[in-house]
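Visitor: Protein sequences appear in the order of chains E and V. Numbered according to my numbering, the first sequence spans residues 1 to 58. Numbered according to my numbering, the second sequence spans residues 1 to 144.
No lab work stands behind these hints, which were simulated from the structure alone. The beta carbon of each residue, even a glycine, is placed where N, CA and C say it ideally should be. Hints may be right or wrong, so weigh each one.
Residues of chain E clear of chain V, computed beta-carbon distances all greater than 12 Å [claimed, not checked]:
(1) Val19
(2) Leu41
(3) Val43
(4) Gly45
(5) Trp51
(6) Ala55
No more than 20 Å apart at the CA atoms, straight line, and that leaves these computed lysine to any residue pairs for SDA-like [unchecked claim]:
(7) E/Lys29 - V/Val73
(8) V/Lys118 - V/Val73
(9) E/Lys29 - E/Thr46
(10) V/Lys118 - E/Val9
(11) V/Lys46 - E/Phe20
(12) V/Lys118 - E/Cys38
(13) V/Lys46 - V/Leu30
(14) V/Lys118 - E/Phe39
(15) V/Lys118 - E/Lys29
(16) E/Lys29 - V/Leu30
Residues on chain E that point at chain V, a partial pick, calculated with CB under 8 Å [to be verified]:
(17) Met1
(18) Ala8
(19) Val10
(20) Phe15
(21) Val18
(22) Ile22
(23) Thr23
(24) Ser26
(25) Phe42
(26) Thr46
(27) Met53
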Amino acid sequence: MTLTHFSAVVLFSLFTSVVFGITQRSEPKMMIRFGALCFVLFVGGTIAASWLMWAIKH
Amino acid sequence: MTTNIQTAQAGGKTAIHPGKQAKIAPSVVLFAGWLVPGAGHLLLGKWVRGTLLLLSITAMFAIGIALQGKVYVPSSGDPLDILGFVGDLGAGALYLLAHLFDLGHAPVVTAFADYGTKFIVVAGLLNLVSAVDAHSLANGRKQS
């Protein structure tokens with residue numbers, strides 16, 4: 001199986017966010033909101049860290 | 001937050017007000033949730049949550065195996081490997097099957113195999129979180 005680095009990040013973030021959303025909130029609406037927030041923070045944080053590393057290198 | 005714990009105004013003491021308790025023993029729910037991802041929620045009739053947990057954790061574990069991640073064993077002697085083993089063991093039956101069929105690769109030689117190793121460990125840890133959540137639902141600590 002081959003993945004790109006980005007697709008690995010997206011898959012990891014998706015599955016982790018689903019579990020976090022279900023387990024850390026009680027109401028279905030809040031589960032979806034918290035899961036979405038986790039997903040955005042996972043992916044956004046990774047992209048931000050990637051650009052930071054690129055900036056340090058250059 | 002998620003629980004129905006309320007802090008008393010006087011003295012700051014924490015009081016737990018049990019919610020609706022399940023007919024199934026919480027320890028059984030905890031064990032089932034550990035053994036099969038999402039099974040604790042399914043036993044409690046939380047079909048959507050249980051199915052989503054089952055799919056997410058199983059897919060994460062399977063992707064880790066497909067990426068040729070390492071499945072830790074307890075007897076390596078390296079303390080970091082023991083931590084990895086504890087994480088892997090959280091996946092319950094998935095780990096036991098992977099160990100039984102000798103899935104995964106011991107020497108991690110590529111970046112993606114390292115990603116796979118992390119997928120497997122995190123799948124186990126997430127399964128522990130979901131099993132504890134099912135336990136909290138069963139004993140009334142979490143209302144819904």
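Visitor: Taking the hints in turn, state whether each one holds.
Guide: Now the hints, each set against the structure:
1. Val19: Label violated. Min Cβ-Cβ 4 Å, cutoff 12 Å.
2. Leu41: holds, 16 Å
3. Val43: holds, 15 Å
4. Gly45: holds, 16 Å
5. Trp51: Answer for E/Trp51: holds, closest chain V Cβ roughly 19 Å.
6. Ala55: Holds, since 21 Å exceeds 12 Å.
7. E/Lys29 - V/Val73: Violated, at roughly 40 Å.
8. V/Lys118 - V/Val73: Holds, at about 15 Å.
9. E/Lys29 - E/Thr46: Given that 20 Å is the threshold and the Cα spacing comes to 26 Å, the pair is violated.
10. V/Lys118 - E/Val9: Since the Cα atoms of V/Lys118 and E/Val9 sit roughly 12 Å apart, the hinted pair holds (cutoff 20 Å).
11. V/Lys46 - E/Phe20: Cα-Cα ~16 Å, so holds.
12. V/Lys118 - E/Cys38: Cα-Cα ~18 Å, so holds.
13. V/Lys46 - V/Leu30: holds, 14 Å
14. V/Lys118 - E/Phe39: holds, 17 Å
15. V/Lys118 - E/Lys29: violated, 30 Å
16. E/Lys29 - V/Leu30: It is violated: about 25 Å lies between the C-alpha atoms, which goes past 20 Å.
17. Met1: Result: holds, 4 Å to nearest chain V Cβ.
18. Ala8: holds, 5 Å
19. Val10: Status violated, d = 12 Å.
20. Phe15: holds, 4 Å
21. Val18: holds, 4 Å
22. Ile22: Holds. Min distance 5 Å.
23. Thr23: This interface hint holds because 4 Å falls under the 8 Å limit.
24. Ser26: Cβ of E/Ser26 sits 5 Å from chain V, so the hint holds.
25. Phe42: Hint on E/Phe42: violated, closest Cβ of chain V at ~12 Å, above 8 Å.
26. Thr46: Violated, because the Cβ-Cβ distance from E/Thr46 to chain V comes to roughly 12 Å (cut-off 8 Å).
27. Met53: Violated. Min distance 15 Å.
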